[in-house]
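**Q** Letter by letter, the chains look like this.
Protein chains: 2
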Amino acid sequence: MKLMEERVRRDGLIENGDVLKVGTFLNQTIDVPFICECAEEFYRLFGNEGVTKILTIEASGIGLACLTAVPFGVPVLFAKKSRSSNMAGGVYTAPVYSFTHGTQHEIMVPDTMLGPGDRVLLIDDFLAKGEALHGLLTLCEKAGASVVGAGIFIEKQYQGGGDEIRAMGIRVESLAKIKSMSVEDGVEFC
Amino acid sequence: MKLMEERVRRDGLIENGDVLKVGTFLNQTIDVPFICECAEEFYRLFGNEGVTKILTIEASGIGLACLTAVPFGVPVLFAKKSRSSNMAGGVYTAPVYSFTHGTQHEIMVPDTMLGPGDRVLLIDDFLAKGEALHGLLTLCEKAGASVVGAGIFIEKQYQGGGDEIRAMGIRVESLAKIKSMSVEDGVEFC
Numbered sequence: 001m002k003l004m005e006e007r008v009r010r011d012g013l014i015e016n017g018d019v020l021k022v023g024t025f026l027n028q029t030i031d032v033p034f035i036c037e038c039a040e041e042f043y044r045l046f047g048n049e050g051v052t053k054i055l056t057i058e059a060s061g062i063g064l065a066c067l068t069a070v071p072f073g074v075p076v077l078f079a080k081k082s083r084s085s086n087m088a089g090g091v092y093t094a095p096v097y098s099f100t101h102g103t104q105h106e107i108m109v110p111d112t113m114l115g116p117g118d119r120v121l122l123i124d125d126f127l128a129k130g131e132a133l134h135g136l137l138t139l140c141e142k143a144g145a146s147v148v149g150a151g152i153f154i155e156k157q158y159q160g161g162g163d164e165i166r167a168m169g170i171r172v173e174s175l176a177k178i179k180s181m182s183v184e185d186g187v188e189f190c
Numbered sequence: 191m192k193l194m195e196e197r198v199r200r201d202g203l204i205e206n207g208d209v210l211k212v213g214t215f216l217n218q219t220i221d222v223p224f225i226c227e228c229a230e231e232f233y234r235l236f237g238n239e240g241v242t243k244i245l246t247i248e249a250s251g252i253g254l255a256c257l258t259a260v261p262f263g264v265p266v267l268f269a270k271k272s273r274s275s276n277m278a279g280g281v282y283t284a285p286v287y288s289f290t291h292g293t294q295h296e297i298m299v300p301d302t303m304l305g306p307g308d309r310v311l312l313i314d315d316f317l318a319k320g321e322a323l324h325g326l327l328t329l330c331e332k333a334g335a336s337v338v339g340a341g342i343f344i345e346k347q348y349q350g351g352g353d354e355i356r357a358m359g360i361r362v363e364s365l366a367k368i369k370s371m372s373v374e375d376g377v378e379f380c
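So the protein lines, in turn, are chains A and B. Residue 1 is where the first sequence starts when you use the numbering used here, and the numbers rise one by one after that. Residue 191 is where the second sequence starts when you use the numbering used here, and the numbers rise one by one after that.
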């Protein structure tokens with residue numbers, strides 16, 4: 001999607017250590033009208049797949065998933081990174097390692113909120129090594145839910161996570177796929 | 191808003207310890223078409239206030255704030271509860287005590303993302319003692335941003351936080367205001 005590539009080029013900030021900051025439009029500050037255009041693109045790609053639910057992971061995925069859900073007219077479920085006092089009862093869990101935060105944690109959803117009747121679209125802001133996406137796939141597998149695919153806003157293709165998941169037979173659609181990135185040379189898209 | 195009252199009556203789950211669970215439609219699972227109707231109501235209430243930005247707090251507020259921002263056509267900024275490696279530079283901070291989690295933490299936004307030019311609508315899922323809202327007001331004050339008001343999905347009026355903030359001259363609009371609540375007698379609205 002040209003629109004996302006242009007936006008990353010214009011407003012993305014590359015820092016050492018393979019960091020791409022998009023906090024001015026994608027997370028922290030969310031450019032809602034822009035994300036609504038992205039949502040229309042995901043609807044064009046997955047709109048005829050009979051999606052019943054969008055699944056994402058807190059925190060930065062939630063807003064993007066909710067806006068993506070608008071054209072689909074379906075609910076959003078998000079996996080939590082810790083059990084709060086509001087979440088009693090049975091849960092499905094999966095381990096996820098976060099390279100951004102340098103921590104391993106469990107993600108979880110209540111077992112009443114995801115099941116065999118669901119056709120799930122996974123949504124996340126970034127796909128790099130694919131840890132979060134693997135976690136979400138595990139949750140769906142445990143729940144017996146079908147996964148129609150994953151919609152990613154920005155994929156760091158060179159980190160290999162996306163192609164690894166595609167090789168599993170999962171459809172992964174990314175609005176921008178970064179081939180290489182450096183402070184010196186900027187971003188190159190696939 | 192009758193629609194929200196009916197939904198709380200139908201799907202809200204009251205538990206001992208003053209807990210109202212709305213995880214099946216408001217947080218964790220977010221009923222996006224329903225929240226879009228709530229967003230239209232907030233737009234009816236605040237649509238002519240020249241809102242430039244919607245501010246909320248992670249995590250459960252983010253999806254609701256993003257969907258509310260759609261009719262306003264403005265960006266969402268959310269305050270984080272911890273500093274991530276993605277957030278360098280100056281920040282505005284405010285202390286918030288969470289009764290849900292029994293912890294005190296700082297919330298923060300980057301100082302480049304909120305400023306004197308902003309007319310801010312605060313959005314949050316719950317208003318009880320008002321701790322989160324006070325924190326968001328402090329962030330706006332530090333940034334020199336104007337607050338046009340707060341849009342709340344469910345207010346526990348009997349806990350007093352909302353009226354305390356109204357007494358400060360801040361406009362607070364709640365889609366459902368709970369007068370009293372108990373496992374035995376259910377929910378009574380104002």
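Check each hint, because a few of them may be wrong.
Computed cross-link-like contacts, SDA-like style, restricted to lysine to any residue with a CA-CA straight-line distance of at most 20 Å [said to hold, decoys possible]: (1) K21/A x R361/B; (2) K21/A x G280/B; (3) K319/B x G279/B; (4) K81/A x K211/B; (5) K81/A x R361/B; (6) K179/A x L3/A; (7) K367/B x D208/B; (8) K271/B x Q104/A.
Simulated from the structure, these hints should not be mistaken for lab results. Just so it is clear, the structure is predicted and the values come from calculations on it, not from any experiment.
**Q** Determine for every hint whether it applies to the structure shown.
**A** To see whether the hints hold, each was checked on the structure:
1. K21/A x R361/B: 35 Å, violated
2. K21/A x G280/B: Satisfied, since the Cα-Cα distance of roughly 15 Å is no more than 20 Å.
3. K319/B x G279/B: Violated - the C-alpha atoms of G279/B and K319/B are around 31 Å apart, more than 20 Å.
4. K81/A x K211/B: The hint holds at about 18 Å.
5. K81/A x R361/B: Status violated; Cα separation ~34 Å.
6. K179/A x L3/A: 17 Å, holds
7. K367/B x D208/B: 15 Å, holds
8. K271/B x Q104/A: The given pair, whose Cα atoms are some 18 Å apart, holds under the 20 Å limit.
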